[in-house]
Amino acid sequence: MKNDQYPEDVPTPHIELPPGVFPPMPGYTIGDLLSVANQPVEALLEAHTIDPGLIRETSIALVSHLYAVFEREDAQYQIATWYQKPYDHPSKRTRSIEIIAEQFGVLTLKAAAESLEGSSLRQLGKDFFMEFVRLAGEAIKEHILKLNARDNQGHSAGHEAAE
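If you read the sequence shown in the working numbering, its first letter stands for residue 68, the second for the next number, and so on.
To be clear, the hints were calculated from the coordinates, so they are not data collected in a lab. Any given hint could turn out to be false.
SDA-like cross-link-like pairs, simulated, lysine to any residue; straight-line CA separation at most 20 angstroms [as the list claims (entries may be wrong)]:
(1) 159 <-> 138
(2) 208 <-> 138
(3) 213 <-> 149
Label-pair ranges, simulated between beta-carbon atoms [to be verified]:
(4) 89 <-> 205: 38 to 48 angstroms
(5) 88 <-> 119: 23 to 33 angstroms
(6) 131 <-> 84: 20 to 30 angstroms
(7) 166 <-> 134: 17 to 27 angstroms
(8) 185 <-> 94: 30 to 40 angstroms
Quick reminder that beta carbons are idealized off the backbone N, C-alpha and C, glycines included.
Taking the hints into account, I'd like the entire structure generated from these sequences.
Encoded structure:
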């Protein structure tokens, strides 16, 4: 699932943001996050040789549940703002990203669990259910934590120096 609505080479519509709120960053839009969470789940379903129609139905349910959560929580704006806002010390940015990664990971776990309510996949047992939910949640958490790796590689060294 790629966000084809706004390809990276086409400017997105301009939205007036409140002071202190940063626009979504490439790789961290709602569409990007949906793709990140869905990829390992689809791989799990394929590994269990699930019917392609049921895989599609399950992906749609997962993405629908996640979209509602990410939209409600303004995920793309929160991630961008927590990452880009000024901090007194780089370790505070690192800790902020860890916190938001954990929060969105947990929200993803819950949404993934809800997406399987009423699904015939529940018949595959608790281990399958837990793996499905874990994969989605960890994918989001690890993706957001990549922002800290970006900092550790000196990506924002100039940004920190400017503060």
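A quick look at each hint next to the structure:
1. 159 <-> 138: violated, 26 angstroms
2. 208 <-> 138: holds, 17 angstroms
3. 213 <-> 149: holds, 14 angstroms
4. 89 <-> 205: 38 to 48 angstroms: violated, 25 angstroms
5. 88 <-> 119: 23 to 33 angstroms: violated, 41 angstroms
6. 131 <-> 84: 20 to 30 angstroms: With a Cβ separation near 26 angstroms, residue 131 and residue 84 satisfy 20 to 30 angstroms, so the hint holds.
7. 166 <-> 134: 17 to 27 angstroms: holds, 23 angstroms
8. 185 <-> 94: 30 to 40 angstroms: Given a distance of about 33 angstroms, which is inside 30 to 40 angstroms, the answer is holds.
Comparing the model with each numbered hint stated earlier shows that hints 1, 4 and 5 do not hold.
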